[in-house]
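Participant: Here are the chains, one letter per residue:
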Amino acid sequence: MKQKILIGACCFVSAMTLAGCASDVIIFYPKADAAKAADTVIDDIFGIAPPQKNVTPANVNQETVKK
Amino acid sequence: MNKILFVIGLVFYSIYTPAMAQTEANLGIDSPSIAVIKKSLATRMPILKPLFESHSIGLTRDGLIQIMKPDNIHPTERRNVEMLVDDDNKDRATLYREIARANGRPDWEADLKRTFGERWINRAPTGWMIEDAAGVWKKK
Chain A
1 MKQKILIGAC CFVSAMTLAG CASDVIIFYP KADAAKAADT VIDDIFGIAP
51 PQKNVTPANV NQETVKK
Chain B
1 MNKILFVIGL VFYSIYTPAM AQTEANLGID SPSIAVIKKS LATRMPILKP
51 LFESHSIGLT RDGLIQIMKP DNIHPTERRN VEMLVDDDNK DRATLYREIA
101 RANGRPDWEA DLKRTFGERW INRAPTGWMI EDAAGVWKKK
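Taken in sequence, the protein lines are chains A and B.
The first sequence maps to residues 1 to 67 in our numbering.
The second sequence maps to residues 1 to 140 in our numbering.
I should point out that these hints are in silico values taken from the structure, not numbers from a laboratory.
If you're wondering where the values come from, they're calculated on a predicted model, not measured in any experiment.
Do not take every clue at face value.
25 Å max Cα-Cα, derived DMTMM-like pairs, lysine to aspartate or glutamate [to be verified]:
1. A:Lys36 / B:Asp91
2. B:Lys49 / B:Asp87
3. A:Lys36 / B:Glu109
4. B:Lys38 / A:Asp39
5. A:Lys36 / B:Asp107
6. B:Lys38 / A:Asp44
7. B:Lys69 / B:Asp87
8. A:Lys36 / B:Glu118
9. B:Lys139 / A:Asp43
10. B:Lys90 / A:Asp44
11. B:Lys140 / A:Asp44
12. B:Lys138 / B:Glu118
13. B:Lys90 / A:Asp43
14. A:Lys36 / B:Asp132
15. A:Lys36 / B:Asp30
16. B:Lys38 / A:Asp33
17. B:Lys90 / A:Asp39
18. A:Lys36 / B:Asp71
19. B:Lys139 / A:Asp44
20. B:Lys38 / A:Asp43
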């Protein structure tokens, strides 16, 4: 029984190692994520601010009133 | 028996999964050197924009810039523009190298250059000169 477990564990480790090696070689990164991250870097350089969330005319007016 | 196998599997999964996750590049990764290069590129961009708009310079497909029409540049300014383009290309090359290094994968530099090349062209305003995937220069 122990021998079977050991063989199973060895097979699992081998498979995971191969999968890890393969992913290192083949997969550079998910293309969509890479494009999005590169866009952020490029927008920083272009001086384009990221879109602001939850900014509505109502919020802006409240801020102005507070000041 | 099944429980033992499950536990062994879980242990190995927890060991290997983080290691495999590290193989994905983080292009938005920041480091002091990357921040300095980005700032240098951002500072130079307003000076380069009129040159892009006049088609004197263009974006290459590998994430660099190139002088397109030297005749569009006043002779007294030509040397300055050449220096600007050289400096910008040095910064761009360093940026891609540093991002690859920060990811622990210097061998990804060529892939990063290509990806940034595509994205620079995608983000560039209409009318700028760009080099397409076939190496042909055209107006965006």
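Participant: Going straight from one Cα to the other, do lysine 36 (chain A) and aspartate 91 (chain B) come out at no more than 25 Å?
Facilitator: holds (21 Å)
Participant: Are the Cα atoms of lysine 90 (chain B) and aspartate 39 (chain A) separated by 25 Å or less?
Facilitator: holds (20 Å)
Participant: Would the pair lysine 139 (chain B) and aspartate 44 (chain A) pass a check requiring their Cα atoms to be no farther apart than 25 Å?
Facilitator: With Cα atoms ~24 Å apart, lysine 139 (chain B) and aspartate 44 (chain A) stay inside 25 Å; holds.
Participant: Just to be careful, I want the Cα atoms of lysine 38 (chain B) and aspartate 33 (chain A) compared with a cutoff of 25 Å; is the pair within it?
Facilitator: holds (20 Å)
Participant: Can the restraint linking lysine 139 (chain B) and aspartate 43 (chain A) be considered satisfied, given a maximum Cα separation of 25 Å?
Facilitator: The hint holds at about 21 Å.
Participant: Hinted pair, alpha-carbon criterion (25 Å max): lysine 36 (chain A), aspartate 30 (chain B). Please report holds or violated.
Facilitator: At roughly 15 Å apart (the allowed maximum being 25 Å), aspartate 30 (chain B) and lysine 36 (chain A) satisfy the hint.
Participant: With the threshold set at 25 Å, check whether the alpha-carbon distance from lysine 38 (chain B) to aspartate 44 (chain A) stays at or below it.
Facilitator: Cα-Cα ~8 Å, so holds.
Participant: Holds or violated: lysine 36 (chain A) and glutamate 109 (chain B), Cα atoms, limit 25 Å.
Facilitator: holds (18 Å)
Participant: Sort out whether glutamate 118 (chain B) lies within 25 Å of lysine 138 (chain B), counting only the CA atoms.
Facilitator: The hint holds at about 14 Å.
Participant: Take the C-alpha atoms of lysine 38 (chain B) and aspartate 39 (chain A), compute the straight-line distance between them, and say whether it is at most 25 Å.
Facilitator: holds (13 Å)
Participant: Given the hinted pair lysine 90 (chain B) and aspartate 44 (chain A), is their Cα-Cα distance within 25 Å?
Facilitator: holds (18 Å)
Participant: Verify the proposed pairing of lysine 36 (chain A) with aspartate 132 (chain B), using a straight-line Cα cut of 25 Å.
Facilitator: holds (20 Å)
Hint compliance for this structure: hint 18 alone is broken.
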